[in-house]
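**Q** Here the protein sequences come in this chain order: A and B.
Numbering (UniProt numbering) for the first sequence: 1 to 265.
Numbering (UniProt numbering) for the second sequence: 1 to 316.
Source of the hints: derived by calculation from the structure; they are not laboratory data.
For each residue, glycine too, the CB sits at the ideal point set by N, CA and C.
A couple of the hints might just be wrong.
Using C-beta positions, here's what the derived DEER-type ranges look like [as the list claims (entries may be wrong)]:
(1) B:F82 / A:V103: 20 to 28 Å
(2) B:I220 / A:L250: 35 to 43 Å
(3) B:V92 / A:G95: 49 to 57 Å
(4) A:G223 / B:T68: 28 to 36 Å
(5) A:V62 / B:G165: 44 to 52 Å
(6) B:L295 / A:L77: 26 to 34 Å
(7) B:R123 / A:L39: 28 to 36 Å
(8) A:L39 / B:F82: 47 to 55 Å
(9) A:V103 / B:H28: 28 to 36 Å
(10) B:L299 / A:T27: 49 to 57 Å
(11) A:L250 / B:D152: 16 to 24 Å
(12) A:G223 / B:L299: 31 to 39 Å
(13) A:L39 / B:T65: 34 to 42 Å
(14) B:A217 / A:P155: 43 to 51 Å
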Amino acid sequence: MTHVVLMAGALLMVSPFLWQFLTSLKTLGESTRIPLTVLPSSPQWSNYSEFFDVVPVGSMAVNSVLALVLRVVAQLLIASLAAYVFARLRFRFRGPLLACFLVVLMVPPQLFVIPQYEVIRTMGWLNSVQALALPGAFSAFGVFVLYQFMRTLPPELDEAAKIDGANPWQIYLRIILPLCRPALAALTILTSLFSWNDLLWPLIVNTIPDRMTLPVGLATLQGAQGTDYPVLMAGSLLTILPMVLVFVLLQKQFIRGIAMSGIKA
Amino acid sequence: MTVTQTKGSAAPPAPPAPPGGRRRPNRHPDNAWAAILLAVPFAGLVIFYLWPLLRTVLLSLSEGTAFTGYTVTGFDNWRQLFEGDDVWRALVNTLVYAAIVLLGVPLAMVIAALLHQKGLRGRSFYRTLYFVPVVTMPVAVAMVWRYIYNGDFGLLNEVLDSVGGPTRAWVADPDTALYAVAVVGIWMALGTNLIILAAGLEAVPETLEEAAMLDGAGPIRRFFSVTVPLLTPSIFLVSVLSVIGSLQMFDLLFIMLGRTNPALADSKTIVYLFYEEAFVRNDRPLGAVIALVTLVVTLAVTAVQFRLQRRWVTYA
Chain A
1 MTHVVLMAGA LLMVSPFLWQ FLTSLKTLGE STRIPLTVLP SSPQWSNYSE FFDVVPVGSM
61 AVNSVLALVL RVVAQLLIAS LAAYVFARLR FRFRGPLLAC FLVVLMVPPQ LFVIPQYEVI
121 RTMGWLNSVQ ALALPGAFSA FGVFVLYQFM RTLPPELDEA AKIDGANPWQ IYLRIILPLC
181 RPALAALTIL TSLFSWNDLL WPLIVNTIPD RMTLPVGLAT LQGAQGTDYP VLMAGSLLTI
241 LPMVLVFVLL QKQFIRGIAM SGIKA
Chain B
1 MTVTQTKGSA APPAPPAPPG GRRRPNRHPD NAWAAILLAV PFAGLVIFYL WPLLRTVLLS
61 LSEGTAFTGY TVTGFDNWRQ LFEGDDVWRA LVNTLVYAAI VLLGVPLAMV IAALLHQKGL
121 RGRSFYRTLY FVPVVTMPVA VAMVWRYIYN GDFGLLNEVL DSVGGPTRAW VADPDTALYA
181 VAVVGIWMAL GTNLIILAAG LEAVPETLEE AAMLDGAGPI RRFFSVTVPL LTPSIFLVSV
241 LSVIGSLQMF DLLFIMLGRT NPALADSKTI VYLFYEEAFV RNDRPLGAVI ALVTLVVTLA
301 VTAVQFRLQR RWVTYA
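Modelling step: build the complete structure from the supplied sequences, incorporating the hints.
**A** Written out as structure tokens, the structure reads:
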């Protein structure tokens with residue numbers, strides 16, 4: 001009985017993906033003919049190559065990947081540095097400065113979007129990789145997750161290193177950062193997910209087709225040929241595949257990351 | 001022989017004698033290092049978050065365009081927004097959407113409880129399947145669902161037709177579009193909810209379940225009398241996160257209801273309205289007002305949830 005319910009639910013969860021795959025192999029006529037046929041009469045693999053012909057998929061994929069890498073690397077560095085200072089150092093104005101970071105967590109992201117756009121435009125960075133990655137690289141969320149983690153490390157670590165003559169930078173780099181590997185891994189996974197799937201910000205800052213990310217490219221594709229369902233399904237399937245593969249490989253870390261932060265994209 | 005510069009490799013020299021207790025201990029020994037290490041993170045925080053916060057408030061009180069520049073004039077934008085119908089409709093739509101997606105929480109509880117049963121086979125297999133929508137791009141799945149919901153040749157109508165159910169153009173009909181999107185919202189959020197609830201279930205002591213079983217309580221009775229009360233903190237967390245996430249909904253609506261959709265006017269959410277005013281019609285001041293409205297709504301709804309929590313959440 002349990003298995004019947006769980007299996008039915010699981011089927012509901014995955015059936016959209018099955019339908020997406022089956023449709024991606026149909027001809028345009030088959031995809032809109034009533035009554036619907038479940039299986040394509042002869043698989044139209046050309047739908048996948050057609051997706052590459054109608055939008056610059058190659059450069060969009062490169063943009064998505066570069067933005068993701070830049071955002072993740074920069075965020076890990078910046079957030080871990082800030083988290084280290086707040087969690088392990090004693091300095092004046094620690095409380096108020098930390099509060100500045102945490103306030104950002106409670107504010108809906110739309111409040112920052114218009115001025116962020118103005119900043120990026122002022123710097124002449126519209127339609128660039130750094131435009132996609134930058135605001136997200138300074139993530140209060142990342143600071144918060146790593147701060148929480150670093151506070152659980154015993155203070156004796158720093159004290160012992162200090163006696164050995166290490167300065168705070170060396171303690172951060174050689175002692176604290178290596179111990180944060182689980183939290184850094186969780187943050188990497190979540191940030192990659194945000195970055196890969198994000199729509200609103202990339203839609204606003206990068207408007208030239210060659211500079212768009214994949215989600216924005218898909219959205220424009222739908223605007224341009226909203227009814228060519230086989231090509232749309234082929235394209236959307238290709239863009240979700242990388243994240244799904246990473247998820248299947250790193251399932252444990254994904255689940256730990258979500259449980260740790262309680263937040264998703 | 002020169003003194004080696006490597007720190008920590010040789011036996012450390014004796015630490016300098018501690019000050020004889022006369023001097024006051026330094027409460028802030030790391031001021032200089034904190035300033036150096038925080039310089040970059042803090043600069044980013046100011047440029048991309050703190051200044052934008054202030055700027056959004058100023059913009060909301062300003063008039064002008066990107067070409068003329070903006071001058072602060074007062075509350076005209078606020079008046080203009082609240083005298084129109086758009087913002088009210090968007091607020092109602094957003095709250096309705098959030099309320100429907102919240103119905104996914106009890107659903108996730110049932111599935112989490114089923115998955116938690118001792119000795120269940122294929123648990124990780126099920127978990128993987130339920131979780132996949134969480135990692136997939138909202139834009140991509142919204143396109144699939146839009147096709148499934150299509151009124152002329154959608155899969156949903158085909159299935160409903162075969163069992164004699166009602167058929168319609170689900171996302172092109174103002175009566176159903178928002179609900180159709182919300183169903184996808186439930187579908188996407190289920191995996192996240194499951195994970196957080198599963199972590200909560202792990203923490204429920206098995207002995208309590210066993211005691212209830214010895215007292216003759218059946219599985220349904222045990223679920224409502226033992227599991228649910230102990231799980232209330234996790235249920236609360238999931239509910240708060242679900243609502244905050246719902247208030248931000250943009251991607252699903254943007255894709256599932258294209259720009260020419262007849263149902264769009266009646267189905268906009270608050271973030272969609274923000275995008276449209278600020279970046280399609282380029283009315284930045286009005287966009288800033290809408291952004292501030294989302295802040296107020298988020299704070300208000302979350303505050304209500306925290307107030308209600310006292311009535312139903314029990315902390316062990």
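**Q** Look at each hint and say if it fits the structure.
**A** The hints, checked one at a time:
1. B:F82 / A:V103: 20 to 28 Å: holds (26 Å)
2. B:I220 / A:L250: 35 to 43 Å: Distance hint for I220 of chain B, L250 of chain A holds at roughly 36 Å.
3. B:V92 / A:G95: 49 to 57 Å: violated (40 Å)
4. A:G223 / B:T68: 28 to 36 Å: Cβ of G223 of chain A to Cβ of T68 of chain B: about 31 Å, so the range 28 to 36 Å holds.
5. A:V62 / B:G165: 44 to 52 Å: holds (46 Å)
6. B:L295 / A:L77: 26 to 34 Å: Because 30 Å falls inside the window, the suggested range holds.
7. B:R123 / A:L39: 28 to 36 Å: This hint holds: roughly 32 Å between Cβ atoms.
8. A:L39 / B:F82: 47 to 55 Å: holds (54 Å)
9. A:V103 / B:H28: 28 to 36 Å: violated (23 Å)
10. B:L299 / A:T27: 49 to 57 Å: holds (52 Å)
11. A:L250 / B:D152: 16 to 24 Å: The hinted range 16 to 24 Å is violated for L250 of chain A and D152 of chain B, with Cβ atoms some 41 Å apart.
12. A:G223 / B:L299: 31 to 39 Å: holds (35 Å)
13. A:L39 / B:T65: 34 to 42 Å: violated (55 Å)
14. B:A217 / A:P155: 43 to 51 Å: The hint (43 to 51 Å, Cβ to Cβ) holds, given that A217 of chain B and P155 of chain A are roughly 47 Å apart.
This entry does not satisfy hints 3, 9, 11 and 13, going by the numbered hints stated previously.
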